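From just these sequences and the hints, can you work out the full model?
These protein sequence lines are chains Y and B, in that order. For what it's worth, the working numbering labels the leading residue of the first sequence as 1, then goes sequentially. For what it's worth, the working numbering labels the leading residue of the second sequence as 1001, then goes sequentially.
No wet-lab data here; the hints were simulated from the structure. Bear in mind that the values here come from a model prediction, so they are computed numbers and not experimental data. A virtual CB, placed ideally from N, CA and C, is assigned to each residue, including glycine. Where hints are given, some of them may not hold.
To be verified - Reference listing, derived: stretches of chain Y covered by chain B, where coverage requires no fewer than 3 residues with Cβ under 8 angstroms from a Cβ of chain B:
hint	region
1	78 to 90
2	217 to 231
3	361 to 369
2 protein chains.
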Amino acid sequence: MMSVAPLKPMTVEEQAITAKKAAKILSMLTTEEKNDALRIVANELEKEYGIILDANKKDLKKGREKGFDQAYMDRLALTQERVSDFAEGLRQVAGLPDPTGDVLSDWTLENGLKVQEVRVPLGVIGMIYEARPNVTADAAGLALKSGNAIVLKGGSSSLSSNKMIVEVMHRALEKTKIPKEAVQFIASTDRATTQKLFTMKEHIDVLIPRGGASLIKAVVENATVPVLETGVGNCHIYFDKEAETEKALNIIINAKTDRPAVCNAAETLIVHKDWLSENKEILAETLKEYGITIHGDQEAAAVLLNVIPANEEDWANEYLSLDLAVKTVNSLDEAIEHIDQYGTKHSEAIITENDDTAKRFMQLVDAAAIYHNASTRFTDGGALGFGAEIGISTQKLHARGPMGLPALTTIKYMMSGNGQIR
Amino acid sequence: MMSVAPLKPMTVEEQAITAKKAAKILSMLTTEEKNDALRIVANELEKEYGIILDANKKDLKKGREKGFDQAYMDRLALTQERVSDFAEGLRQVAGLPDPTGDVLSDWTLENGLKVQEVRVPLGVIGMIYEARPNVTADAAGLALKSGNAIVLKGGSSSLSSNKMIVEVMHRALEKTKIPKEAVQFIASTDRATTQKLFTMKEHIDVLIPRGGASLIKAVVENATVPVLETGVGNCHIYFDKEAETEKALNIIINAKTDRPAVCNAAETLIVHKDWLSENKEILAETLKEYGITIHGDQEAAAVLLNVIPANEEDWANEYLSLDLAVKTVNSLDEAIEHIDQYGTKHSEAIITENDDTAKRFMQLVDAAAIYHNASTRFTDGGALGFGAEIGISTQKLHARGPMGLPALTTIKYMMSGNGQIR
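Structure below.
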């Protein structure tokens, strides 16, 4: 059982079975053995940046031929510095506490049976992601550290880069206790392969999609393997009637403009009519100053500048740009109802000086992260001090919000007895 | 938002929306308010046992007409004592700690932003179950205690009983702070209703199927709502070459015969050839004495009595009867491989006096509960001291093994600041 087949062209099912075998070996390694391996992989990536950049050039050439836009090409492009960042990321993961083996609880039954609840790896993780080649190294590092094998399926536009990163990682893993078969890369991009990956419940323990809303939707709808849903954030900032003006403006500007393309950016400003009527000029000026395009309801249009009339789509849209929907309400509960209807359960904020109002908002709004008088931009593994994250979960089961290493584990009850029967 | 529509014939979608509104009210109640409500419901069920038994008679009559077997009719039948058991179950749940509101961790970022990870209800639970009417009261009690609304869909054979139990519960809830709309019962049994229930991702937070393998499979394959998979147990007992004879025999008899129809009963005995050759007579006698029908491989057939040749189906079968598959192996790793191939990740046991062998088995076997020298029958919320269980999870995400009240919760990050931005 402990032998692992050599790497050769395999079907996706063979790859998953091979990964599962490798995961067994990996699950028996010590934390130090895993950390040493991650550091060796990091060094190899830094040393071999040249061949990774060569492979990346092929992807960039294809991208230019296909006419990808500049933002997309920027995400695709690697530099020596970016490769060093992968390596640094792996070293950071090596420095994090190992969640596996932790005894979460233990007790002894009256009959003497000892019970331990122990944290263990999930097994095999299926990672499906889009343009950025850095996910290849980042996701592999988090999986290996938490004792899991990983099957990687990157986007076709970064195929050469991803393949070369995996090749370099494999070469490095040969010098370590981690079997290189614990990192599998699916090069095929045909539908049948993807469909198989989504449904190999017996070989893959969880699927994690990282990318746009359509990728995530495709995985959720077609997978029978359990999915850790990540990412789509239609985040709201609610200015209560008792919101302090400067705080409120600072927060909406930060949440909207700091990095508009990320999932914790604000997409809708909900504003109490009393606050709006007192602060309409400064709100209008501030949004204009930062180049924000407003899609507003009638009440917003009446007092703000250059407002595009908002429709149903605007309330539901994750713009990921400097566009902002503005909804006016008569009460806290109306704001909560709007979030219930259009929110994606990611990050929601209330700005108010009234603690009771804040408490009601925080209790009744259903989301991974709820803020009182702070920007939604803090919903991030790094910002919250989790050390590293595999994504931000917008689901309620298993893991919610930024997912660190523990999200890649499950538990096992281990019972030791001396012949106990019921 | 806080008003709830009156009960009237509703579509399943309207029922789910109504449940979600009620869940909001429920999530704001104190533990004491919830406990009081559960005790009032318990009293009402005991008081009104007569009309529940009358309703049950209708189901029993239909069952006889349909020619259900005696075991099925026994599960369906209610008595005054069984109704009292429901009530007692609700009182026990009232006595359990309330998991919601627990602060699981809290810290402050350098910028002063306070972070709390708080346990909160999931929201709305969809419960799909078969014959036993007791699930109606049990599941509702666990849901309400953990702050969740519940949409119940019982089997058609217990429709009258289930409906009356819900009616009595509703009448009692009117005297409490819990809105009666938090308990919804779906009386319709048509396919379209079921399909809708499986796919209302926006209104239902989790589906929990309780019943046979085919029910669970139907839910897992058709649902887009996340599922907490429960129950199927193809459990193995492995007699290592260093297994102590008396312990081994006691455990296999207990695990196979104590309650053969439950999911933590043993279905396959895996036996090391060395142990078998030393203990063949006593094993043969013991299995015969307890009326166990053996489905064995060639090596087992050569030394045991009246062995039916085992085939692939036997290795995978959850007999739920006094049938037992017997597989012989040459090594520990061969036993683990067999479990990897045919196990359902429920409960697995090794009998050995060698602690290193036990450790390897416990680390490498992938299941919710692993036993060393004890019966698999302990995988049960009651036996392990969880107080009550909503089912036994055989999946790895969210909850694994017996699921108590915490399995019906999720977490929320609550951040309090004074204007923090990134």
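Hints, verified against the model:
With 0 residues having a Cβ less than 8 angstroms from any Cβ of chain B, the region 78 to 90 of chain Y misses the three-residue criterion, and the hint is violated. Restraint check on the region 217 to 231 of chain Y versus chain B: 5 residues with Cβ-Cβ distances below 8 angstroms, three needed, restraint holds. Only residues whose C-beta sits within less than 8 angstroms of a C-beta in chain B count toward coverage, and the region 361 to 369 of chain Y has 7 of them, enough to reach three; the restraint holds.
This entry does not satisfy hint 1, going by the numbered hints stated previously; all others are met.
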